[in-house]
Structures are given as structure tokens and as C-alpha cells.
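Peer 1: Let's have the full structure, built from the sequences with the hints guiding it.
Number of protein chains: 2
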Amino acid sequence: MNKIYRLNLINSMTGYKPANLIGTQSKEKNTNLAIISSVVHLGSNPPLLGFILRPAVVPRHTYSNIKETGFFTINHVHANFVDNAHYTSAKFDEQVSEFDSCEFSREYLDDFPAPFVKESKLKIGLNFLEEYEIGANKTIFVIGEIQSIYMPKEILKENGDVNLNAIHDVCISGLNNYHEVNQIGEFKYARPGKKPENLLKR
Amino acid sequence: MNKIYRLNLINSMTGYKPANLIGTQSKEKNTNLAIISSVVHLGSNPPLLGFILRPAVVPRHTYSNIKETGFFTINHVHANFVDNAHYTSAKFDEQVSEFDSCEFSREYLDDFPAPFVKESKLKIGLNFLEEYEIGANKTIFVIGEIQSIYMPKEILKENGDVNLNAIHDVCISGLNNYHEVNQIGEFKYARPGKKPENLLKR
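Note that the protein sequences, when read in sequence, are chains V and A.
Each number in the numbering used here corresponds to the 1-based position in the first sequence with 1184 added.
Each number in the numbering used here corresponds to the 1-based position in the second sequence with 1184 added.
Be careful, since some hints might not be right.
The list treats identical chains as interchangeable, and a pair is accepted whether it falls inside one copy or across any two copies.
Only pairs whose alpha carbons sit at most 16 Å apart, straight line, appear in this in silico EDC-like list of lysine to aspartate or glutamate [said to hold, decoys possible]:
#1 1211 - 1287
#2 1302 - 1287
#3 1378 - 1329
#4 1379 - 1284
No lab work stands behind these hints: they were computed from the structure.
Predicted model only: the values in this text are computed from it and were never measured.
Peer 2: Here it is as C-alpha cells:
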């Protein structure tokens, strides 16, 4: 199997992946922005998210900035800027900020010490909590705790659910494919004895 | 913040999540099936996937079966059975197999020692490789290596990419929302100096 073929195939195996931009800066305030498709929910109380950093693939600056400052942001990717978001995956020189070269605007909110992406409608500020180096391939699983969430209040439902369709969040398959998303099912918490009813089909 | 509200809100923060059914069996061949939205790509060579098990939420049988036999399957969820897939999240008694109560068919392929889901068009057999207990909340990050992949050959593109749209794979938001997916962007590997062109818009 050639390398690109294998990369595309194995990257397709998870199914659809979330599309997020991770924003960081160094102590000298050099900013970095990287698209990451491996953000995963770890728990709600405390509110924890994790993501995988593959040092050979993702610019190391994201990792070194997180370790240097202890903070990073996660910013959802919307359909209207998938091209610029994908462009952050290019291996830019260290001196270049992807905010500039990929046409994103830095946004600093409430003195949080990492840059948010102004163009993103759902932005999360996190502090670094833990990291695990995976024995099998030396990737790093980085874990952060949510400190702040910014989003339009119209997309927050009464039950705490967020309407990601309304802000045109996208998902990724493989390495290079971006997709728009439309809800087809909404269920209640499932309990034994009764197959859950699709509330959208009532 | 009440508990359900917090669960819904924090589970929405990653963006869209993949929808997969994890199939396992005990040494006595008692089978188990659980929907998991935390499958993540860890690397392509060796081909590694991971997922998060929250012992308080997911039936422990998935974990104990994996540890007992060393094998599990990952099966993609399609739009036509999101209701049955969601139903596997109910806390069934230990003696009950979700294959039966949620109307899925066990499928054994090439003597692989864990059950696949017959209704799923993309099925992956994995062997257990490593686990990490996350200090902050005692969840477990389980890592497996891909041993086998089954899918219709029509969805495998020349470059190794897989057309997940064609088999109606879905994604999840929050805990209870299921979505269909349509491709809007396809890019080449990004390189500095030239913003990637959306090949679907040519």
C-alpha cells in the first residue's frame, strides 16, 4: 500500500470527525493556528476535552505553545471558511502565523491568554491539564479543561444542547474532505424496554 | 447548572462526532454492543484507533470483554438504523445482549473473535493494544490496532479515500442528536504559498 493511499484509507475509518481550529501563542505572543480533527469529549464534570497531536504531522508550535503558556482555544469550523481552515494544515515556517497566511482574525476575549478565531461562532478557552504519550506511535494525547465558552445565545437550546446546524459547523472525513450536516434524528435518553422514538418524526 | 443541561452542553463542544457501534463478546460468547461517539484516529502506520470509555456511562461489559478476549469491532452507523443504534445506550441487564434487544444481527467474519454488525456497511476488526486511565476523571482511553476492514468496494476511491456519504454514515452532536452528511469540499494536501482550491467547485 503506498503511503498516501494508506493515510487516506485509515483516516477514513473513524467515520466523520469534528473540524476545529486550535489557537495558541508563545510567551512572545507569536500566534499559531492549526486544524485538528481529533477533538474528543472526555467528561462533563469537570468539563474536559482532549485531542491527538502527531508531532510529525501537526506543526510542533501548537504543542510547544500549549506547554509554554498552559492555554489554548478550540474554535469550530463553519462551511464558509473550510478552504482557509484546510490551509492551516500546510507546513508554514515558524515565523509565519497561520492567522495571517490563512486569513483569520485573532480575537482576545476577557484577558484569556490564547487567541480565539473571530470568524468562528463557537469558541472555547481551555487550560492544559494532562498529556499522555502513546507508546505504540509516540503521538501525544493532550487534555484540557474548559474555562470559557462563547457562542450566539440563539443556538443554545433549553436543555443545554447546542444547534450546530444553525452555525453551519462542518465535519471532516479522511484528510481532505469537508461536509455539511443536517439533523435527521433527536432522541431522549434511552432506557431498557422501549425503543427510543425519533422526536423529529412525530 | 443542572446535570442534564451540563451533559448536553459539554457534549456539544467538540463539534460533530462519529457514530460507531463497538461489538465485543466474553469468553463464554455473550455478546455486547454499544454506541460510542469518541472513536479517534491515532495513526496510519501502524493503523491505530482509540476511544474513550466512561465506566459510569457505558456498560462495563464492553471494557471487560475487550480485556478478556483482546478483540473488538467498530461498525459505522447509517441513517436507516439510528434509532436502534441509539437504543444500545440504554443500561440493559448483564444477561441481555444489545444485538437482540436493539435488533442487530451478529456477523462473524474470517474467524475474527468478536462480533461484527451485519447491518453496518463499514466494519473494522481490531485487537486491543494499550489503555490509559485519565487522571482527571478516571475515564479510560482504549487503543486498538486495525486487523481487518470490510466495506463495499464501490465506496473506496482510487486514492484510498472512502465515500462515507454513499453508505449514509451519520454523525452525532451532544448525546442525542443524529445528522446526515453531504460533502461540500475536497482539497489536496495543503502547501504554503497557495490557498487550497476546492475541487468540488471547479
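Peer 1: Against each hint, give a clear statement of whether it holds in the structure.
Peer 2: Cross-check of the supplied hints:
1. Taking CA atoms no more than 16 Å apart as the test, residue 1211 paired with residue 1287 passes in neither setting, with 23 Å inside one copy and 55 Å between copies.
2. For the homomeric pair residue 1302 and residue 1287, the shortest alpha-carbon distance inside one copy (11 Å) is at most 16 Å, but the shortest distance between copies (46 Å) is not.
3. In this assembly of identical chains, the alpha carbons of residue 1378 and residue 1329 never lie at most 16 Å apart, being 36 Å within a copy and 35 Å across copies at closest.
4. In this assembly of identical chains, the alpha carbons of residue 1379 and residue 1284 lie at most 16 Å apart only when taken from different copies (12 Å versus 51 Å within one copy).
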